[in-house]
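*Asks:* Next come the chains, spelled out residue by residue.
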Amino acid sequence: MKSIALDTAPGTGYANPIHEVECIIRSNDTVNGEYRLLVLNAPLELLDCEPGQFFHLLCPVSGTFKPYLRRPMSIYGYYPDRGELHFLYKVTGEGTSAIATLTTGDTLNVLGPLGRGFDILPNWQNLLLVARGVGLATLAPLALKSRRLNRKLTAICSARSRKLLLSLDYFNDLGVRVIAVTDEDGTSSVESMRSIIEGLIAEDPIDAMYTCGSNRILKLLQSVAATHRIPGQIALEQQMACGIGMCQCCVRAFHRDGGIVNERVCKEGPVFHLQEAVGC
Amino acid sequence: MKSIALDTAPGTGYANPIHEVECIIRSNDTVNGEYRLLVLNAPLELLDCEPGQFFHLLCPVSGTFKPYLRRPMSIYGYYPDRGELHFLYKVTGEGTSAIATLTTGDTLNVLGPLGRGFDILPNWQNLLLVARGVGLATLAPLALKSRRLNRKLTAICSARSRKLLLSLDYFNDLGVRVIAVTDEDGTSSVESMRSIIEGLIAEDPIDAMYTCGSNRILKLLQSVAATHRIPGQIALEQQMACGIGMCQCCVRAFHRDGGIVNERVCKEGPVFHLQEAVGC
Amino acid sequence: MLDISTQIGTLKLKNPIMPASGTFSEDLADVFDLDVIGAHVTKTVTREKRSGNPTPRVCEVRGSMLNSIGIPSKGVEAFKKDVIPFYSRYNAPLIVSISAGSADEFASLCEEISVPGVAAVEVNISCPNIKDDGKAFAMRPSTTHAVMRKLRDSTDLPLWAKLTPNTGETTEVAKAAEEAGADALVVSNTLLAMAIDIKTRRPKLGNLMGGLSGPAFKPIALRMAYQCAKSVDIPVIGCGGISTIEDVIEYLIAGAAAVQIGTATFIEPKIMARMVVDLAVYLETQGLSSVRQLVGCVDDKGASDGLVFMEAAP
Amino acid sequence: MLDISTQIGTLKLKNPIMPASGTFSEDLADVFDLDVIGAHVTKTVTREKRSGNPTPRVCEVRGSMLNSIGIPSKGVEAFKKDVIPFYSRYNAPLIVSISAGSADEFASLCEEISVPGVAAVEVNISCPNIKDDGKAFAMRPSTTHAVMRKLRDSTDLPLWAKLTPNTGETTEVAKAAEEAGADALVVSNTLLAMAIDIKTRRPKLGNLMGGLSGPAFKPIALRMAYQCAKSVDIPVIGCGGISTIEDVIEYLIAGAAAVQIGTATFIEPKIMARMVVDLAVYLETQGLSSVRQLVGCVDDKGASDGLVFMEAAP
Ligand SMILES: Cc1cc2nc3c(=O)[nH]c(=O)nc-3n(C[C@H](O)[C@H](O)[C@H](O)COP(=O)(O)OP(=O)(O)OC[C@H]3O[C@@H](n4cnc5c(N)ncnc54)[C@H](O)[C@@H]3O)c2cc1C
Ligand SMILES: Cc1cc2nc3c(=O)[nH]c(=O)nc-3n(C[C@H](O)[C@H](O)[C@H](O)COP(=O)(O)OP(=O)(O)OC[C@H]3O[C@@H](n4cnc5c(N)ncnc54)[C@H](O)[C@@H]3O)c2cc1C
Ligand SMILES: Cc1cc2nc3c(=O)[nH]c(=O)nc-3n(C[C@H](O)[C@H](O)[C@H](O)COP(=O)(O)O)c2cc1C
Ligand SMILES: Cc1cc2nc3c(=O)[nH]c(=O)nc-3n(C[C@H](O)[C@H](O)[C@H](O)COP(=O)(O)O)c2cc1C
Ligand code: FES
Ligand code: FES
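Chains as they are written, first to last, in the numbering used here: chain A, 1 to 280; chain B, 281 to 560; chain C, 561 to 874; chain D, 875 to 1188.
The shape of chain A in the complex, shown without the other chains (with noise of 0.2 Å):
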């Protein structure tokens, strides 16, 4: 397991080195009105990975979608086993329309894994997971992992309506407890989750937080934090060129030793410390 340390010694070097795969599409259906989920048949070298690490994907050039830059993509689910490599996705512009043209034998062009995926320290045995929306891409190999480790984790899981939420069978099949929250029921307000949360702390104290993603559940979750003196994880964006720590596009600012650094999204991250980061 890699920790966080952050430091930017050139150089370093990944544990896994990185790998430019063209992989062939086993599936690529609709999940709901809004996500599709795409799955890879990739080899054994792409699947040696962390939950929060990422996929640079070469989106296919076709008719009207002409993306040129790789899209970054979170792994939803890798798995040696099948050798399946899963993505989560959300149709929003050229490269994610271009991606969703893409049938059962197409092939992708697929660069990672990359970045430093979230920690679970030995002494964090119950951990509490927050996402909304496509954030759940990012944090439910989480889940996985977690449940490998013999942890015990909860997921509240925020969406705009219950038709949107996403994962929840994902998650209670691996016998995670799930919290849905929705703007519809009026449950996804802060003060709302900030009392589900302290509720859940008053029951069995929480050793570390995840989250990606809302810059409100990011400020959220600050606070408890601090109040409690939980570590916690967040995963962030930013608009990517390279994804390999190159060309420093995707930085992004964090609090650290009292003053603002900046941070490559793509090579420090997408992981980072809940507290360092910065809201926006």
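Just so you know, these hints were derived from the structure itself, not from any lab.
We put the beta carbon where it would ideally sit given N, CA and C, even for glycine.
Take these hints with a grain of salt, some might be off.
Claimed, not checked - Taking beta-carbon pairs under 10 Å as the criterion, some of the chain A residues facing chain B (in silico):
#1 P60
#2 V61
#3 S62
#4 G63
#5 T64
#6 K66
As the list claims (entries may be wrong) - Now the stretches of chain D that chain C is said to cover, found in silico as 3 or more residues with beta-carbon under 8 Å:
#7 952 to 958
#8 1037 to 1048
#9 1061 to 1072
#10 1122 to 1136
Let chain A serve as the given structure and place chains B, C and D with the ligands on it in line with the hints.
*Replies:* Below, chains B, C and D with the ligands without anything else, positioned relative to chain A:
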């Protein structure tokens, strides 16, 4: 029937307006090793055309083939009764390679019919056509029209090898007298062809000659035609951008009135007076 | 009521879509009704008859094209006899593009072409100043100013100065043109480029080099249109690489009061007609009532102070 | 025997394929063995620590990209401590790219960086001359000459001058760099461009504008590389939009003695390694025995006399 008065008065417009249509592909098969026949479903307005005219094809962007400009392609066949438009093409570069990837049911955007076609004036009864390679694609519909007009037509078809001779069946079926000459048989040299043509003329005076493309054949026909004062026409090629007369990139030089004039292949041509054409 | 008209100085165009010089001619009338677009812009004409550059005059580059047409021209007499009358059957105003090898010749041609039926003169000052050092007038503020001054004195018609992207002094040239009396800027002409056929080892263009146009050129021309709109008070007409309605809107947001469509017409001959409709639909969908609401609305937080600095590469 | 080496002044490279500054780092060692390429070129480093430009620093344009990374830098001390030692494990020569805001600072940084382990210094004179008027040194022959003179006096290492495409005086700048002592020219840096998000109406780059690189830029940079190769006697290193082996060959034919690959590495991280192989295969297929036989073999029939004229648009 349009005359090729070759005036360039602006805004005279075509007899047939120009259409841009997304056509469905009926078939796209290899004809022999080097050529492919593309058959499109076409609405009637596209099929009101003349032999020698061409279409400007918007090649699909797919995978590594990313053609940008349209590609000019002679009409190989137009069949209003069947609603079919035919092209015979050779895969040479990015555009034609992209067209070769199309299969039944796909669509292709075509613009046309464009340019001025061949004339068959009322007093042109005994016609000679000399074609080499894919040049046959351009001249083939002339055979169909000459049969409709009840003219006598002889076709000298030249190719590198007998294997590459195209459209012989097509011509035979139309009752055209076909004389095949090839490099491998040593029958396609200028001298050999000259004596064939002189023989034909001696047999039955030729009223008009048609050819396209090859510089060697142009020179030969110009010389024979001048000797016997036979009118002739030639279809020429040039790099094109717009295909409809706007950009002036497709000009070629022609002898006229003792000087040299530039004419647009896409608009004043692609069919020109044989004797005006300047070899290159 | 949806208002898609735009104002270029004293000239009101019923919509901001017009062709770029050299990519449009009477021939397009065979494809669609030319009266649906905002204006007609002719291929650049010179005083004398000229035959243009050697062939090949065009080649394809990745997702775009180069051309080295040069300025073949029938001469101003033939132009006045044939071309101006053709366009007089339309309501859309006729913009005549002209070029010459010296400031004086430019001015006298401009005077000659200022006849009824012509609504404005687009001066293609991206062409070489032969009398001087052969560099295009629009390469430098000084030569731009000099030629525009003479042109200004030669006509009462609106003068549109067409700039070149080959200069390192875009904003200075734009200001010089404005100061010397230009009524609008057309931004811009093509960018000098080259391609070599690796099989023959010969340049793909008969003229060695040519101008890049089409989608690849868009981010460059858009940057110039933005810089010019920030630097001058006269209208800017955006031109370069426009091939979708989103491109048109991007130029309007950047500050262009109208746009010219060039290369895209070669790919999709009816594109200008389509864009007039698409623009109206876009405005409606966005709840906007006029093109004016878009022009220059870029949210750049006053960042334009950095313009000069930005002339350095990243 | 197939010889794919190339000579850049006194420096012999085992092949003409190297990375472009800012598109390469130690991180690429996780993808392929960095010793297969001809040289290593670092991201531009400045004397002081700098944080670079605001995000977003990159955006996509049709078939290419814009960037406004700026020059984030750990400063020269950290660079000497961490980066130079990293590359010393390789045989490929290390080229260090530097930049500064004035000619004097440039020279003193150059002196400071002229240490063992560094084979040549690439001077990124496409960056703004802050002490002067903020325009990049390489925008004008005079400022180019001035800064190159000082740089020349500051080091015994080979000096490669990296030019900008934002100037209208490419050949003049190239000659000025040569005259002031440059050992090679790198042609070129990115071209100033812009993109606006029509939904938010904000510039797509946090820094308002940025540099165009990638395939769309190739015909422009190739033209510059050709112009420079025709104008100077020192080697030209072509850079801009290279993404296929055919592109590499086109640059060599145009006169480049070596090439730098930038943006293409983001799409295909192993591309440089592949191109080394592809180049050898190409030479063999063509019956050529060395890269030198390709360099500058363009069949341009002396057309280069027209270079200045060509600076006008078509
Ligand atoms: C580390 C990481 C992991 C991600 N994991 C997932 C995931 O599992 N599922 C999922 O649906 N999405 C994920 N995203 C977001 C995903 O990368 C974007 O939705 C996608 O790039 C959009 O591309 P597009 O061409 O469809 O959209 P466009 O908006 O057309 O993209 C234009 C450009 O912006 C970039 N861009 C757009 N949105 C984002 C974003 N949110 N983050 C970074 N770059 C962006 C694109 O890569 C592209 O370069 C992740 C992003 C990062 C950085
Ligand atoms: C009026 C006319 C009719 C034609 N009819 C036929 C036909 O019936 N069958 C057929 O196989 N070919 C025909 N051609 C030639 C055909 O247009 C080219 O083979 C085709 O454009 C090659 O495109 P590419 O992308 O495959 O090749 P590339 O070499 O990659 O093309 C690069 C560029 O050069 C242009 N180009 C290449 N060759 C020619 C050429 N010979 N003439 C004009 N432009 C060219 C292309 O259009 C493209 O813009 C005709 C050409 C013209 C002008
Ligand atoms: C084939 C061709 C011919 C052109 N001829 C002229 C011309 O005569 N005068 C002129 O000012 N611009 C000319 N241009 C430049 C265009 O008007 C326009 O500025 C440029 O192509 C950029 O726009 P685009 O990318 O939409 O094509 C020509 C461009 C092309 C492609
Ligand atoms: C993300 C990025 C960062 C760059 N940083 C630098 C730099 O620090 N110094 C420099 O001289 N050029 C820099 N460049 C320019 C490249 O070195 C190169 O000149 C340019 O990208 C053109 O080559 P390409 O089209 O192959 O990318 C950068 C380019 C990119 C895309
Ligand atoms: S995307 Fe290039 S450094 Fe992160
Ligand atoms: S191709 Fe444009 S005028 Fe002929």
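*Asks:* Please go over all the hints and tell whether each is borne out by the structure.
*Replies:* Results for each hint:
For P60 (chain A), the interface hint holds, since its Cβ comes within 10 Å of a Cβ in chain B; the closest pair sits about 8 Å apart. For V61 (chain A), the shortest C-beta to C-beta distance to chain B is roughly 6 Å, which falls under 10 Å, so the interface hint holds. Interface hint at S62 (chain A): satisfied, since its Cβ lies 6 Å from the closest Cβ of chain B, which is below the 10 Å cut-off. The interface hint given for G63 (chain A) holds, since its Cβ lies 7 Å from the closest Cβ of chain B, which is under the 10 Å cut-off.
Interface hint status for T64 (chain A): upheld, as the beta-carbon distance to the closest one in chain B is roughly 9 Å, under 10 Å. A cut of 10 Å between beta carbons decides the hint on K66 (chain A): the least distance to chain B is about 7 Å, and the hint holds. For a cut-off of 8 Å, the count of residues in the stretch 952 to 958 of chain D with a CB near a CB of chain C stands at 0, and the three-residue condition is violated. Coverage of the stretch 1037 to 1048 of chain D by chain C holds. Counting CB-CB distances below 8 Å, 6 residues qualify, and the rule asks for three or more.
Residues of the stretch 1061 to 1072 of chain D with a Cβ under 8 Å from some Cβ of chain C number 9, which satisfies the need for three, so the listed coverage holds. Chain C is given as covering the stretch 1122 to 1136 of chain D, and this holds because 4 residues of the stretch bring a CB closer than 8 Å to a CB of that chain, at least three being needed.
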